[in-house]
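Student: Based on the hints, put chain Z in the right spot on chain F.
Now for the letters of each chain:
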Amino acid sequence: MNNYIYPIIGGFFIGLSASILMIFNGKIAGISGIARTIFNRECSNSYERYWRILFILGLITGGFLIMKYIPQNTSIEKILNPINMVIGGFLVGLGTSFANGCTSGHGICGLSRGSKRSFVSVITFMLFGVIGVILSKLWS
Amino acid sequence: MIKKLFISFLSGFLFSIGLGISEMTNPDKVKNFLDIFGKWEIDLAFVMGSGLILTFISYKIVNKIKKPIFENTFSIPNNKKIDYKLVGGSALFGLGWGISGFCPGPAITSIVTFKYEVILFVLSMFFGFFIFNRTQNI
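Each protein sequence line maps, in turn, to chains F and Z.
Take the first sequence: its position 61, counted from the start at 1, is 63 in the working numbering, and no numbers get skipped.
Take the second sequence: its position 136, counted from the start at 1, is 143 in the working numbering, and no numbers get skipped.
Hints are not guaranteed to be accurate.
Computed cross-link-like contacts, DSS-like style, restricted to lysine-lysine with a CA-CA straight-line distance of at most 30 Å [what the hints assert, rightly or not]:
1) Z:Lys46 <-> F:Lys139
2) F:Lys80 <-> Z:Lys88
3) F:Lys70 <-> Z:Lys46
4) Z:Lys88 <-> F:Lys118
5) Z:Lys36 <-> F:Lys118
6) F:Lys118 <-> Z:Lys122
Partial pick of chain Z residues on the chain F-facing surface, computed with a CB cut under 7 Å [what the hints assert, rightly or not]:
7) Phe22
8) Ser107
9) Ile115
The hints are simulated quantities; they were obtained by calculation from the structure and are not laboratory data.
Idealized CB from N, CA, C, for every residue including glycine.
Isolated chain F, as found in the complex (with noise of 0.2 Å):
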């Protein structure tokens, strides 16, 4: 039980935070979507602009607290290869981008309103995990 109350804790915040950008907003909480689209001309005036670089600032926010507090849940002591990390990094920027969606998109968003390209994301993007953990341990 130890081990899934903290997951469980914390994918209620998840959901509580998309909950309430939709709810008050009417906006997903995609990260993904909220990245790429910061610079774009898609966000055609300055509200659409400020909120996303609000809600990056409040994921940032939030990071520094994570760091204060739980340090031992981040990344700052662990070995991080930077060859994975720039490959990664390319095609989860690349991918999300074609998908319009990640795990919180298509994930927590998109399941819960029933989107059959959501579920058909998350089937994709969960079987070429497994199949990307399998090669990064081939290669490391």
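Tutor: Okay, now just chain Z, sitting in the frame of chain F:
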């Protein structure tokens, strides 16, 4: 606008707190979750499960209230096509996630570690966004 901007900030803040408490910000934990033929720590499955309970409830509310509290309309995508972009993009994303242990939210949240590897991931991710935008002539 101020109310909506505050909600955006609050939402981002709660999101990263959730990522931290659940350990989604720990790439080793994420990779162990995806390592189904190896260590397989299933804990992170409960993150999505727990989050989905709340968003499931919130969509019931969305269907009842017809318009957001501070806004005129809901910005919900109406694309229903399951195409190569969706599947191919999800595959690439999954690969990147498994290779690095990071997805967009945890990566941006982890900028505060000031680890150069995390910065590399975030820069590469934005480069991926840039390349996509070029293919779309955005």
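Student: A separate judgement is required for each hint: does it hold in the structure or not?
Tutor: Now the hints, each set against the structure:
1. Among the hinted pairs, lysine 46 of chain Z with lysine 139 of chain F is consistent with the structure: their alpha-carbon atoms are about 12 Å apart, no more than 30 Å.
2. The straight-line distance between the Cα atoms of lysine 80 of chain F and lysine 88 of chain Z is roughly 40 Å, outside the 30 Å bound, and the hint therefore fails.
3. Note on lysine 70 of chain F and lysine 46 of chain Z: the hinted pairing holds, with a Cα-Cα distance of about 29 Å set against a maximum of 30 Å.
4. Distance hint between lysine 88 of chain Z and lysine 118 of chain F is fulfilled; the C-alpha atoms sit about 9 Å from each other, no more than 30 Å.
5. A distance of roughly 28 Å separates the Cα atoms of lysine 36 of chain Z and lysine 118 of chain F; the hinted pair therefore holds under the 30 Å criterion.
6. Our distance criterion of 30 Å between C-alpha atoms is broken by lysine 118 of chain F and lysine 122 of chain Z, whose separation comes to about 37 Å.
7. This hint holds: phenylalanine 22 of chain Z has a C-beta 4 Å from the nearest C-beta of chain F, less than the 7 Å allowed.
8. With a least beta-carbon distance of about 3 Å to chain F, the hint placing serine 107 of chain Z at the interface is held under the 7 Å criterion.
9. A distance limit of 7 Å between C-beta atoms decides the matter here; for isoleucine 115 of chain Z the minimum to chain F is near 5 Å, and the interface restraint holds.
Checked against the numbered hints listed earlier, the structure breaks hints 2 and 6; every other hint is satisfied.
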